[in-house]
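Asker: Quick note, our numbering runs 15 ahead of the 1-based positions in the sequence shown.
FYI, nobody ran anything at the bench for these hints, they're computed from the structure. For clarity, every value in this text was computed on a predicted model and none was experimentally measured. Where hints are given, some of them may not hold.
Computed beta-carbon distance windows for the label pairs [stated by the list, open to error]: (1) Trp244 <-> Val300: 51 to 61 Å; (2) Pro301 <-> Trp244: 50 to 60 Å; (3) Glu256 <-> Pro304: 22 to 32 Å; (4) Ile186 <-> Gly152: 47 to 57 Å.
Derived DSS-like pairs (lysine-lysine); straight-line CA-CA distance at most 27 Å [what the hints assert, rightly or not]: (5) Lys72 <-> Lys185; (6) Lys72 <-> Lys83; (7) Lys189 <-> Lys83; (8) Lys161 <-> Lys185.
Just so it is clear, CB atoms sit at the ideal spot from N, CA and C, and this is done for glycine as well.
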Amino acid sequence: ENSCARCGAAALQGMAAHTEGMLRSPTFLVGTEKQRGILDEFQRRDQHFAEEYQKNKPLCFSARAYQKTHPGKMRNGHKDADATLASPMLLGVADGVSQLEEFGMDASELPNELLRSCEYLGMSQLIPDRPVNPQDGYRGPVSLLKEAYEETESLGSTTVLLAILDNSTKIHGKIHPMVAVLTIGDCELLMLRRLQGRNSHLQAVFHTEMQRIDGNVQTPLQIARVDEWVDPDFDEELALEVIERGSAVHCVSAYEGDIIVLGSDGVFDNLFLDEVVKICNEAMVPPGPGTFVPTQPALLSQIATRLVEESHAKSRAGVGGVLPETPIGRGGKMDDTAVVVGEVVEWTQAHSEAWAQARGQHRWKAMATCGGTDSMGCLACNETARDVDDEEIDVRRHHLHIRPVQRHQRMQSSCDSEADDDRDRCVIV
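Throw the hints in and build the complete structure from the sequences for me.
Answerer: Dropping the structure here:
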């Protein structure tokens, strides 16, 4: 056992030495004892952001994802360890710990398997108007993630961020869709809304915070499953404890047209929030008066791509050889970079028919692949989406001037929900 510990420690030191002299390097594995000792310091902050109730109809996501390893990281031989999920009822980003490659492990396996499991459970539990046995019903984001983890077998370690669209909440007997956000580690979520009406610019209304141990950009809180050679003290129960005690859970009212951006730390360590908002506004100009029209999924895809490209650009020197500013200092970090961009849209009959067809043909589990479920998640939305082809969209064609994100725009609540499961952390105003 001591030999295993020495081997693991030597490999960790070798990894640290190898990354000296380069810009901030990939995420490091956090040991079992370190995580257990820090859990008490991570207190879940349960929040709910609500506005005036609008329409009594179920909602879902139309979303696209894009991920790419930073070229600087690729030069060091690392593969992409991120995973993304863009499905009608659930969005997600999981950032695998690349350091585990030093132990001969595929760092991308657990993130991908975990998100696939989350998607399968989420779509089974959250489809509107679908009968579900009470024992199989949705009991909140923590329960869903715990069950998903228990369904996985892969070794690895990963941070995780989920956005779950729950149409089961009712206020005065009417549907009040909510987005439940669960985060473990340092992936982040930003929700945007046109607060001044449909023809106004998008503004930030909610933003999660990173969970990092000792404030170190390389040691986020994480879910793991490793063998004794990597961590002799590992206990799988700790992963469930991290989910139960360490996850930050938020509930946010969802409205048609809301934009949700999920990103790995490779994005939000390199881009300021106002830069993310600006990129979205440049691409998604105010639609003007009239009935809401869902955004063409091709445009969502191009926004996600641009966010990744702009993140990578922060490590390239500009005029005079000066590196650009980032939230963690000049030059940012070279890391895996993954983004999901989603829009909240109405769950329509077309969505129901697509789901029924997939379920009837027993194809759902095969369709539940990270990166999106095209045949369902966006196909139905396309019937009313703007008629724009991929090659016709230029997300840089508009030059708008907006103010930086103001954190005081958030609206915080004070009343407890009456839910009898882990959703009782979400409070309703």
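Asker: Next step is simple, just say for each hint if it's right about the structure.
Answerer: Status of the hints after comparison with the structure:
| no. | hint | result |
| --- | --- | --- |
| 1 | Trp244 <-> Val300: 51 to 61 Å | holds, 54 Å |
| 2 | Pro301 <-> Trp244: 50 to 60 Å | holds, 56 Å |
| 3 | Glu256 <-> Pro304: 22 to 32 Å | violated, 52 Å |
| 4 | Ile186 <-> Gly152: 47 to 57 Å | violated, 20 Å |
| 5 | Lys72 <-> Lys185 | holds, 11 Å |
| 6 | Lys72 <-> Lys83 | violated, 36 Å |
| 7 | Lys189 <-> Lys83 | violated, 42 Å |
| 8 | Lys161 <-> Lys185 | holds, 25 Å |
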